[in-house]
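Protein sequence lines correspond, in order, to chains A and B. Following my numbering, the numbering of the first sequence begins with 33 at its first residue and continues without gaps. Following my numbering, the numbering of the second sequence begins with 33 at its first residue and continues without gaps.
Calculated from the structure, these hints are not laboratory results. All figures in this text were calculated on a predicted structure; none of them were measured in a lab. Mixed in with the good hints there might be a few duds.
Since the list can't tell identical chains apart, any single copy or any two copies may satisfy a pair.
[What the hints assert, rightly or not] Distance condition first, Cα-Cα at most 25 Å in a straight line; then the derived SDA-like pairs of lysine to any residue:
no., residue 1, residue 2
1, Lys209, Thr248
2, Lys252, Ala236
3, Lys209, Arg227
4, Lys252, Arg264
5, Lys252, Asp235
6, Lys252, Leu231
7, Lys209, Asp221
8, Lys252, Ala232
9, Lys209, Ala115
10, Lys209, Gly166
11, Lys209, Gly249
12, Lys252, His269
13, Lys209, Pro255
14, Lys82, Asp235
15, Lys252, Asp53
16, Lys252, Ser238
17, Lys252, Thr240
18, Lys209, Glu253
19, Lys252, Thr211
20, Lys209, Ala250
21, Lys82, Gly43
Protein chains: 2
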Amino acid sequence: MNFTASTSYDGVLERDFTVGDVPGVLWTPVNATEHMPLVLLGHGGGRHKKAPAMTGRARLLVDAGFAAACIDAPGHGDRPRTAHDEREITLMQQAMATGEPVGPIVVRYNAHLAERAVPEWQATLDALQDVIDGPVGYFGLNMGTAIGVPLTAVEPRIAAAAFGLFWHDNLVETARKITVPVEFALQWDDEHIPRESGLALFDAFSSTQKSLHANTGAHKELPRFEADSAVRFFVRHLM
Amino acid sequence: MNFTASTSYDGVLERDFTVGDVPGVLWTPVNATEHMPLVLLGHGGGRHKKAPAMTGRARLLVDAGFAAACIDAPGHGDRPRTAHDEREITLMQQAMATGEPVGPIVVRYNAHLAERAVPEWQATLDALQDVIDGPVGYFGLNMGTAIGVPLTAVEPRIAAAAFGLFWHDNLVETARKITVPVEFALQWDDEHIPRESGLALFDAFSSTQKSLHANTGAHKELPRFEADSAVRFFVRHLM
Numbered sequence: 033m034n035f036t037a038s039t040s041y042d043g044v045l046e047r048d049f050t051v052g053d054v055p056g057v058l059w060t061p062v063n064a065t066e067h068m069p070l071v072l073l074g075h076g077g078g079r080h081k082k083a084p085a086m087t088g089r090a091r092l093l094v095d096a097g098f099a100a101a102c103i104d105a106p107g108h109g110d111r112p113r114t115a116h117d118e119r120e121i122t123l124m125q126q127a128m129a130t131g132e133p134v135g136p137i138v139v140r141y142n143a144h145l146a147e148r149a150v151p152e153w154q155a156t157l158d159a160l161q162d163v164i165d166g167p168v169g170y171f172g173l174n175m176g177t178a179i180g181v182p183l184t185a186v187e188p189r190i191a192a193a194a195f196g197l198f199w200h201d202n203l204v205e206t207a208r209k210i211t212v213p214v215e216f217a218l219q220w221d222d223e224h225i226p227r228e229s230g231l232a233l234f235d236a237f238s239s240t241q242k243s244l245h246a247n248t249g250a251h252k253e254l255p256r257f258e259a260d261s262a263v264r265f266f267v268r269h270l271m
Numbered sequence: 033m034n035f036t037a038s039t040s041y042d043g044v045l046e047r048d049f050t051v052g053d054v055p056g057v058l059w060t061p062v063n064a065t066e067h068m069p070l071v072l073l074g075h076g077g078g079r080h081k082k083a084p085a086m087t088g089r090a091r092l093l094v095d096a097g098f099a100a101a102c103i104d105a106p107g108h109g110d111r112p113r114t115a116h117d118e119r120e121i122t123l124m125q126q127a128m129a130t131g132e133p134v135g136p137i138v139v140r141y142n143a144h145l146a147e148r149a150v151p152e153w154q155a156t157l158d159a160l161q162d163v164i165d166g167p168v169g170y171f172g173l174n175m176g177t178a179i180g181v182p183l184t185a186v187e188p189r190i191a192a193a194a195f196g197l198f199w200h201d202n203l204v205e206t207a208r209k210i211t212v213p214v215e216f217a218l219q220w221d222d223e224h225i226p227r228e229s230g231l232a233l234f235d236a237f238s239s240t241q242k243s244l245h246a247n248t249g250a251h252k253e254l255p256r257f258e259a260d261s262a263v264r265f266f267v268r269h270l271m
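So here's chain A without its partners, still in its complex pose (with noise of 0.2 Å):
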């Protein structure tokens, strides 16, 4: 694991690091100890390491005396994109402008985004783990669902795991094989995931203990107290 840049603000130290060519970032309270608890993030489709979403979950687990860890996906952020990506982003962009259903290829995409992108999370993890040694959680939606239901998968150290906002489609016969605790967040008016296929999604987790979070509104509106929750959850699993 090799640091290339540091920096801290407001009791966060924010350190970006590469794993291979992965460029990833790890967030602890700038007094932390090896033995934390660590979540790493997947962000979402089209976003990157350092997102909103990401900086701002990562300040939540960081207060709630967790490290947190993200990196980029294949394709996103400061990774080259390769041909095919191109051609996948090109078909989605057509898809919304048309109007067309955008579901069938953020699918297809999003799972072969995931064959490349989980073991880059597993050789992260392997290096994380020299720095970080506690127990392990995995927070993602939308994309970070369609890669970390396969990560889960064939993780073991993973602990617990927050997703959502995902179709069923391509990730039921992954998520059978999951038997850690989840908490699965989706839109009860998502305009583009039909609602019983995110049913479908969280009934497939073989986990005894998991919590569905339905909240009305469209895909774009989760509520904000949502990450607060997967906070919670990843105290009671993780600490």
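Given the coordinates of chain A, work out where chain B should sit on it, guided by the hints.
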């Protein structure tokens, strides 16, 4: 409002009262002022105004700066049972003993109790507002929902309500009349209430702000943290 007894413990002032022939209990901080939010607590079937779930929720609410009040439902606690009550209770006990579905009896009997309880709650709220005059919420699960949904539908003073753990059958039309914020709990593996029935009741509320919390587990296994969640819900909407 006739106060009949008073005790205090750990900063909570607990006052028994009667309104007409309905006995109730009011919990406030010991040093309460007149201007504070009030949450009405509806107890479950076969329980009473000082059952552990009621005193526990009152404790959480008082700690968060609320007053809380509960009355015995008709035929419950210190109140006499009618011949009708006795017949329905016998039928419920027989169904439970033989393993027949108890739902149809509970739905029918609780609808009957709600007709008696709604005007009692309204008279109680009239009287309570001489003592406590802040915004009002309602919190009740099981039979507390069977009574609370018709109460909230006709009572404009109730500004937020936490419900859950009940069948949709008799309540859907009434729930459609409710527009205040709602938090709703259901058990994903409820052995009495079909999942689709709970989801249909949640869906029926016309509230633009509503949250569903579904947790794994059987009917009586609602996680304790949902009581804390309901308190935070009332903090968001009444404070």
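For each hint, the structure was consulted:
1. Lys209 to Thr248: Answer is between: at 17 Å across copies they meet the 25 Å cutoff, but 29 Å inside does not.
2. Lys252 to Ala236: both (24 Å within a copy, 22 Å between copies)
3. Lys209 to Arg227: For Lys209 and Arg227, the Cα distance is within 25 Å both inside one copy (22 Å) and across copies (23 Å).
4. Lys252 to Arg264: Cα proximity of Lys252 and Arg264: in one copy and across copies (22 Å, 23 Å).
5. Lys252 to Asp235: both (22 Å within a copy, 20 Å between copies)
6. Lys252 to Leu231: This pair counts as both: shortest intra-copy Cα distance 18 Å, inter-copy 22 Å.
7. Lys209 to Asp221: between (28 Å within a copy, 19 Å between copies)
8. Lys252 to Ala232: both (20 Å within a copy, 24 Å between copies)
9. Lys209 to Ala115: Cα proximity of Lys209 and Ala115: none, with 32 Å in one copy and 53 Å across.
10. Lys209 to Gly166: Close inside one copy (23 Å), not across copies (49 Å); limit 25 Å.
11. Lys209 to Gly249: The answer is between: 19 Å across copies meets 25 Å, while 30 Å in one copy does not.
12. Lys252 to His269: between (27 Å within a copy, 22 Å between copies)
13. Lys209 to Pro255: Intra 29 Å, inter 24 Å, cutoff 25 Å: inter-copy only.
14. Lys82 to Asp235: neither (31 Å within a copy, 36 Å between copies)
15. Lys252 to Asp53: For Lys252 and Asp53, neither the intra-copy (31 Å) nor the inter-copy (51 Å) Cα distance is at most 25 Å.
16. Lys252 to Ser238: between (27 Å within a copy, 20 Å between copies)
17. Lys252 to Thr240: Between copies, since 15 Å is at most 25 Å while 29 Å is not.
18. Lys209 to Glu253: Answer is between; shortest inter-copy Cα gap is 24 Å, intra-copy 30 Å.
19. Lys252 to Thr211: Close across copies (22 Å), not inside one copy (28 Å); limit 25 Å.
20. Lys209 to Ala250: Between copies only: 22 Å across, 29 Å inside.
21. Lys82 to Gly43: within (17 Å within a copy, 45 Å between copies)
Of the numbered hints listed earlier, those contradicted by the structure are 9, 14, 15.
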